[in-house]
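Got chain A sorted already, so can you dock chain B onto it with the hints?
Number of protein chains: 2
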Amino acid sequence: MTTQTTATGEPIVTNGVNVSALFETVDAVKRTPEIADFQFRVSNEWMGGDRNRTTVKDFHGACADHEHGNGPFQMDNGEPPVLLGEGEAPNPVEYVLHALAGCLTTTMVYHAAARGIAIESVTSELEGDLDLRGFLGMDETVRKGFSTVRVIMRVRSDADVETLQSLTQFSPVYDIVSKSLPVEVSVEKF
Amino acid sequence: MTTQTTATGEPIVTNGVNVSALFETVDAVKRTPEIADFQFRVSNEWMGGDRNRTTVKDFHGACADHEHGNGPFQMDNGEPPVLLGEGEAPNPVEYVLHALAGCLTTTMVYHAAARGIAIESVTSELEGDLDLRGFLGMDETVRKGFSTVRVIMRVRSDADVETLQSLTQFSPVYDIVSKSLPVEVSVEKF
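If you're matching them up, the sequences are chains A and B in order.
Numbering (my numbering) for the first sequence: 2 to 191.
Numbering (my numbering) for the second sequence: 2 to 191.
Please note: incorrect hints may appear among the correct ones.
Derived DSS-like pairs (lysine-lysine); straight-line CA-CA distance at most 30 angstroms [to be verified]:
1) B/LYS180 x A/LYS180
2) A/LYS58 x B/LYS180
3) B/LYS180 x B/LYS58
Derived by calculation from the structure, the hints in this document are not laboratory data.
So that you can see chain A by itself, here it is in the shape it has in the complex:
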């Protein structure tokens, strides 16, 4: 890829994505691969019972640390009454579905933009099946998380369905959820 602009030197923007900047990023990563090394970070604090709060302040990428200019962002986890909570916030597995929905959408839109494919609208519906016996430790053969996640994406675009579907395969959260990943959990007392 090479940097592309319009004939008048304006950046090309497709689907609300600055495609000129996207191609510049790819070119920069080719020259300096360390630009691609990102690290995302959150901190979380228990607030009692089912409630806890995450703060997102900064991340590393493109060879620098970045503060979220409109941050810090805060997000709360809760549990509904049937899962013994106060019902004041979505629960963690609902946030996983939220992350997956958003990542599939953003990935489709960005990759479509890079290929010059205009997308008019995207909506999606997600379902995750979970057998609570896993979490409760009642049956070791039952997994604790989702057994299956189903996603339906409804897209308005001139591109064909196969092309649109193939774009979603670049999604980081799709990769995280669908494939195994080393998660190192360390507990310290203080």
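Just chain B now, kept in the frame of chain A:
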């Protein structure tokens, strides 16, 4: 497990969790396993560029559909400027870390309560490493999501570290992120 209450018949509450209700849930699932079949659901709508919004209205569990009484909940995904977004909301992989932090915490707190272990405080810090070359499609050997996630949980409790660590292994989101999972993505045009 059998239902437990205090000598005066009050529910036992440990760590803000109604332990009596937790044991009642376990007993109910033993009698009627379908109570444990949960399905979580979200819908999402693209708002242009890096922005999309999730709505969480209801879920299925304990043999019934439940509306979120304080819902519907809405959560926004965005991307920072260095990832060609407006920087107005956390991005999907940050939400994955948020979900993981919250689920590890809630799981530790609930399972500790069931064992009569009091927990005074929990904080956690999470980092996820991500090589952007995967998302950009520049190298097929680079995965698109996190290569590794590290979690440090700092807990104030009388229980020993090994016990506290073992409780986190029941976490649904830990299971979802660390182990592979079938994710069925279907794209439709309309």
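Hints versus structure:
1. B/LYS180 x A/LYS180: Distance ~6 angstroms between B/LYS180 and A/LYS180 Cα, so the pair holds.
2. A/LYS58 x B/LYS180: The given pair, whose Cα atoms are some 28 angstroms apart, holds under the 30 angstroms limit.
3. B/LYS180 x B/LYS58: With a Cα-Cα distance of about 27 angstroms, the restraint between B/LYS180 and B/LYS58 holds, given a limit of 30 angstroms.
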